[in-house]
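Chemist: Please model the entire structure based on the sequences and the hints provided.
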Amino acid sequence: MRKTLFESMTRGPLTEPPPAPDEAGLAELAQSVNRAARAKLGRSLSIRHVDAGSCNGCELELHALSNAFYDLERFGLRFVASPRHADVLTVTGPVTKNMREALKRTYDAMPDPKWVVAIGACAVDGGLFAASDVVEGGVKDVLPVDLHIRGCPPSPTELLKGLIALLERAA
Amino acid sequence: MKLTRTIVTEEGWNQASDRLANGGLTLLGLWGDAPCVYMALLDEATAEILVLSYACRDGAYPSVGARHPPAIRLERTIRDLHKLNAAGAVDTRPWLDHGGAPYAFLPAEGEGLHQIAVGPVHAGIIEPGHFRFTANGEHIVRVEQRLGYVHKGIEALMSGATLDDAAKLAARTSGDSTVAYTYAFALAAEAALQIAPPPRAVYLRALMAELERLANHFGDIGAICNDASFALMHTQTGILRERTLRAAELCFGHRLMMDVIVPGGVIHDLAADGPARLEELLSEIRRAFPPLVELYDNTASLQDRTVTTGIVKPDYARQYGAGGYVGRASGRNFDARRAVGYEPYSHLAFKVPVLDAGDVNARIWIRIREVEQSLALIDQILSLLPTGEIQTAIQANGKACEGLGLVEAFRGDVLVWLRLDASGQVARCHLRDASWFQWPLLETAIKDNIVADFPLCNKSFNCSYSGHDL
Ligand code: SF4
Chain A
0 MRKTLFESMT RGPLTEPPPA PDEAGLAELA QSVNRAARAK LGRSLSIRHV
50 DAGSCNGCEL ELHALSNAFY DLERFGLRFV ASPRHADVLT VTGPVTKNMR
100 EALKRTYDAM PDPKWVVAIG ACAVDGGLFA ASDVVEGGVK DVLPVDLHIR
150 GCPPSPTELL KGLIALLERA A
Chain B
0 MKLTRTIVTE EGWNQASDRL ANGGLTLLGL WGDAPCVYMA LLDEATAEIL
50 VLSYACRDGA YPSVGARHPP AIRLERTIRD LHKLNAAGAV DTRPWLDHGG
100 APYAFLPAEG EGLHQIAVGP VHAGIIEPGH FRFTANGEHI VRVEQRLGYV
150 HKGIEALMSG ATLDDAAKLA ARTSGDSTVA YTYAFALAAE AALQIAPPPR
200 AVYLRALMAE LERLANHFGD IGAICNDASF ALMHTQTGIL RERTLRAAEL
250 CFGHRLMMDV IVPGGVIHDL AADGPARLEE LLSEIRRAFP PLVELYDNTA
300 SLQDRTVTTG IVKPDYARQY GAGGYVGRAS GRNFDARRAV GYEPYSHLAF
350 KVPVLDAGDV NARIWIRIRE VEQSLALIDQ ILSLLPTGEI QTAIQANGKA
400 CEGLGLVEAF RGDVLVWLRL DASGQVARCH LRDASWFQWP LLETAIKDNI
450 VADFPLCNKS FNCSYSGHDL
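Chains A and B are the protein sequences, given in the same order.
Just so you know, numbering that gives the first Met the number 0 puts the end of the first sequence at 170, numbered straight through with nothing missing.
Just so you know, numbering that gives the first Met the number 0 puts the end of the second sequence at 469, numbered straight through with nothing missing.
For the record, the hints were derived by calculation from the structure and aren't laboratory data.
Bear in mind the structure is a predicted one, so any value in this text is a computation, not a measurement.
Watch out, some of these pointers could steer you wrong.
Unchecked claim - When the alpha-carbon atoms are kept at most 27 angstroms apart in a straight line, the in silico DSS-like pairs for lysine-lysine are as follows:
id, chain 1, residue 1, chain 2, residue 2
1, B, K167, A, K139
2, B, K167, A, K96
3, A, K96, B, K82
Modeler: The following block contains the structure:
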């Protein structure tokens, strides 16, 4: 173990420079985030994630945000285990009938002010599953959404751009 | 792939159930296509796959689950989705349909027992499902799963879809296995239409399948160790996973290689500098991975958590036909790449690692060994890669037809059965993830372990929710 640790000390970090915030995301957020909330939070946001029906592809890329290359926490963004500790709810997938209730309860458990970020093509409008009888639709059909990050799945860089845009506006 | 479908009477159907129950055959799948039910069976001795169909009478068929428990959840699903009843079934609770009365969990009685309800929303970034533990203090006496939260109606959406649209849905059945699903779907469509993809496409498919296996195994090895609070391993294998996904994107235009495999071939040729990129990736993995394996093997505190934890008994692995590392860590010597031997694997040399301890440690070691095999397979694929076309045109053959594909995903065999109508549209498609026969074994593996070891056991299975819930 010591060898591995020493090696990583001498090699220099793999972490890459941050991407610029997503322009479209900034425009979308301009309408939803108020200044007062910004002042209260400081430059840090806690994120709670809910998979409301995804294929799990989006989750894989959300996981990648925590790897050495993207290192999400350097931006003051971190995933937390409880909605009660969260400022931001990220949601993936079309919202299935079977997850609607759990998603709403998670949102309700979060303290104000709070933001919802819909991640992936499915979360925008149900994507390829929109026509299904057992799907409610996109996240906006169940919760108020502040930001959409598109892609199937969005790459970690696209996710970072969107979340940094949120940080610029919200925090 | 040899495939015969036999229409059976009640007697034939029951005989098949009996052969499943006495271990002569392995259940590969059980699904509805109203008014019929279908059963796919594997004869492990000859690697022959049989498909039986039975025309239900008054919306019912003789229960398979009553004789062979691995069929129980499949029968509950058939009732939810197709309104066909298994006569004589032991468990008639709904499964994917959450609309009805509150769910009745199975009781566990005894002194000092209490229940712990977990999910569907979990603490980490994972898929949703519910686990109901009954425990005495830390000791678990029963865990019961309740799944179906991410049920999206994939199979219903496929009925009536074009082959292209259905392939996209197959790709989104379980995102971590998108290559395996599109691969199995393409094999099923090609078997139905009796066309063959060009040789180059055949090899490119296997190349993508092995990259997907590598990425997932790296992710899993790290994530299991992380659940034992050994974060260093997670960080290091996370780097290898990221490098693999980046190479995949450079080679095939998408990190997960989604929608690249289609019926008839592949739509994205290997990028011109692909072979060089892959050589770089392989040499980086060969440099970085062995010290991590050594680290795993030499860290006593980690071994303390994984060795003898969450044991799956070999008898259960055999009975359930458990695929992937769950089966192979518990003595079941089955890998669809070898057993069924679809192209190009019949021309490639590789070993199928098998262990019999059945614990978390064994499931880690199977993954480690499979990483090594995938590296060797990629070497071979690159050196044998034929030149030429990558797609054969698909044409409906003017008559209804059916086909089956069985592909080894990183977590086990994915089965796709497809029925096309005369115009070439999908009439019915069934997708069966390996998780169907692994989830129930997780319930057996956790018994007598402590609550704190559940995340570790669960991660060592890494079953799919979306692939199961459909
Ligand atoms: S957007 Fe794509 S990757 Fe994300 S959940 Fe939907 S299908 Fe899966």
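Chemist: Which hint numbers doesn't this structure obey?
Modeler: As far as the earlier hints go, not one is violated by this structure.
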